[in-house]
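Participant: Single-letter residue listing:
There are 4 protein chains.
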Amino acid sequence: MQSPKIEQFIQLLSKLPGLGPRQAARLSYHLLDEKKEYREMLAQTIISLTQVKRCAECFQAHEQKTALCLLCASPNRDRSRIMVVEKDMDFSNIERAGVYDGLYYILGGVISPLRPKSQEKLRLRELYNRLSKANGVKEVILATSATPEGDHTARYIEQISEPFVKKNLKITRLGRGLSTGSELEYSDAETFKSAYLNRK
Amino acid sequence: MQSPKIEQFIQLLSKLPGLGPRQAARLSYHLLDEKKEYREMLAQTIISLTQVKRCAECFQAHEQKTALCLLCASPNRDRSRIMVVEKDMDFSNIERAGVYDGLYYILGGVISPLRPKSQEKLRLRELYNRLSKANGVKEVILATSATPEGDHTARYIEQISEPFVKKNLKITRLGRGLSTGSELEYSDAETFKSAYLNRK
Amino acid sequence: MQSPKIEQFIQLLSKLPGLGPRQAARLSYHLLDEKKEYREMLAQTIISLTQVKRCAECFQAHEQKTALCLLCASPNRDRSRIMVVEKDMDFSNIERAGVYDGLYYILGGVISPLRPKSQEKLRLRELYNRLSKANGVKEVILATSATPEGDHTARYIEQISEPFVKKNLKITRLGRGLSTGSELEYSDAETFKSAYLNRK
Amino acid sequence: MQSPKIEQFIQLLSKLPGLGPRQAARLSYHLLDEKKEYREMLAQTIISLTQVKRCAECFQAHEQKTALCLLCASPNRDRSRIMVVEKDMDFSNIERAGVYDGLYYILGGVISPLRPKSQEKLRLRELYNRLSKANGVKEVILATSATPEGDHTARYIEQISEPFVKKNLKITRLGRGLSTGSELEYSDAETFKSAYLNRK
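Chains as they are written, first to last, in numbering that gives the first Met the number 0: chain H, 0 to 199; chain Z, 0 to 199; chain D, 0 to 199; chain L, 0 to 199.
Pulled out of the complex, with its shape left as it was, chain H reads as follows (with noise of 0.2 Å):
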């Protein structure tokens, strides 16, 4: 390696989630032969995210010069409930569905024993402090996701949620059954259980 600066691009990138050594030196020669344009403002894009906030209440990203961002502030979303997601990209999912128009939570992860650092962003003591405060919240929906991870962090919401339950706090989750592409012959019991009580 002759450029200690594409060497040093490469290890930069080798550390973020999903990219492995050898795609971060692909990406670091193709930035290298890229229009010095494209890296100014790929540099400057990754500078202004410092400008984006998270929002106080559902921590979405968002720009706004308020502490909440549009959802939160809106009118139009249904305010009695709140659906708790892992990630930005949950979210983002989800409102493409077009189905729920109540508010969201973003916990930022799941409970994950074996890789206790992930579990540093989770904003559980947020969401906490959240529902305490929460006037005229009615249910809480946990769509965490069907897998041991996301079953465990839901339990565990689910318990430190027992006062606001005591208050009348609808904890529920999103249903099991054949999700899109499911075949009966690679289900599990769980899956046709829910799937033949749901049945209709």
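It cannot be assumed that every hint is accurate.
Since the list gives no way to pick one copy over another, a pair counts as held whenever it fits inside one copy or between any two copies.
As a list, the in silico DSSO-like pairs of lysine-lysine whose alpha-carbon atoms are at most 27 Å apart [to be verified]: (1) 4 / 132; (2) 4 / 86; (3) 14 / 132; (4) 52 / 86.
It is worth saying that the hints were derived from the structure and are not from the lab.
Following the hints, complete the assembly by docking chains Z, D and L onto the known chain H.
Facilitator: Coordinates of chains Z, D and L only, in the frame set by chain H:
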């Protein structure tokens, strides 16, 4: 290839579903080096499949002297429900879940316009006949896969069942939702919608 | 499972290499719904494999009345060369290339310390015996795979062949280099080194 | 999407090779939650790539004040050989093998009739010019991949090099054969033929 018998065997095996020519060759040479007794047992078991019949009502494989299989003849099954499944292996997998205690109907595949040959084995007319005579059956559960072909097949069965629906037969489908392993980031709109509406 | 014969068949098939229980079940039900004539032909072909023997010299499968296979008995093959291959299918693939016109020796596998059972079928002692009696053989080409196990097997054969090497037998190995599809970005050092030294 | 800056960043990243929209989104949100210092370092490294240049002779990335890179200027490399490689990463991988001690030429890709855009970056004319002036170069080794496009590119370079071949330049290609991991059962005829002819 110096052995016409090996060659013939490879060709016979290559026609079986899921066996390419390479795996067929591997199996052939493996059997060639197996003990004579193993080959004879294998051949005899294949011959003896002729004594296996399919149940006159549900089309499961069985070896009873009667026309009906043990499950269809059992007094312990709920005779007011029939679950229509695509394949023998769907039936085995559902029984393993231990949730359903009614009767079954093994269709023999799905309606697949792109593979008309596979439809020849479908027992749709026989299903119609069974429903015509089905005294005491109150519900038919269509347990087809959550795939375009599975949905298409379910809709077709709903259509041909209309005369029975008018006589109070209930036709249901397995519930949709998150199946085990589903992540919200990758869920399609229909799966999310069902999961949301079926929340609890 | 209501048919013990189907169950027995699935178990027999599951033991074959490369067939898991699911594919075994799929094949079993497929054969159940096949015509009786097909099953009988399949069973008969399996039985008839007993008449296939392995050549006394090269261990290929053949059906001649003689001990030798047609290739070993042919006057058109170069009798001064023997190519040692791992498996029957390696032999078929090499013959298809149409480059080599000498004799063969099918070893029956590789030396694999991790799977000692698979070594029982190796014809190493028989190879030694053949080389002892091999009048006029000038070269033995070790055509084992370029894998750790293939290399290990080749080295072992080189060791047991030392007495014959002293009597002027030449032992060679297939050349290393870029194989079709190789990309330089992913090539290991040994492959590159051979490719570089064998350049032309 | 409530943050136009995030949206812009995802779009910029999606254009990079090997990054789909989903991975681009994942990276964007990851960077949003990273420390400001990390983002600034990343941006600065991207900007600083403008100071990296490509060697006037071999087109490697370097940061010398001279036109030539360290390798091209080194007295320790054999200046009578030039190895033509497709990509920067091929060069890195070959150097790691520690076998070759001559000079290099980084072509910048392969001739790919199906992706004409990718050919714009190919330094074929520059290669012709370098060979015109190459005093003392006795051999050009075409180290393109053993793929149809790599072969096509090597043949094209052989054609444009004919004037130099007449003046005693030798053009070679890397040797073909079994590469690490190759199994005889799956080897194509050309690979086997080369491996057989290069045996030793």
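Participant: All hints are to be evaluated individually against the structure, with a verdict given for each.
Facilitator: Quick rundown of the hints versus the structure:
{"no.": "1", "hint": "4 / 132", "result": "neither (50 Å within a copy, 31 Å between copies)"}
{"no.": "2", "hint": "4 / 86", "result": "between (33 Å within a copy, 18 Å between copies)"}
{"no.": "3", "hint": "14 / 132", "result": "neither (38 Å within a copy, 43 Å between copies)"}
{"no.": "4", "hint": "52 / 86", "result": "within (16 Å within a copy, 40 Å between copies)"}
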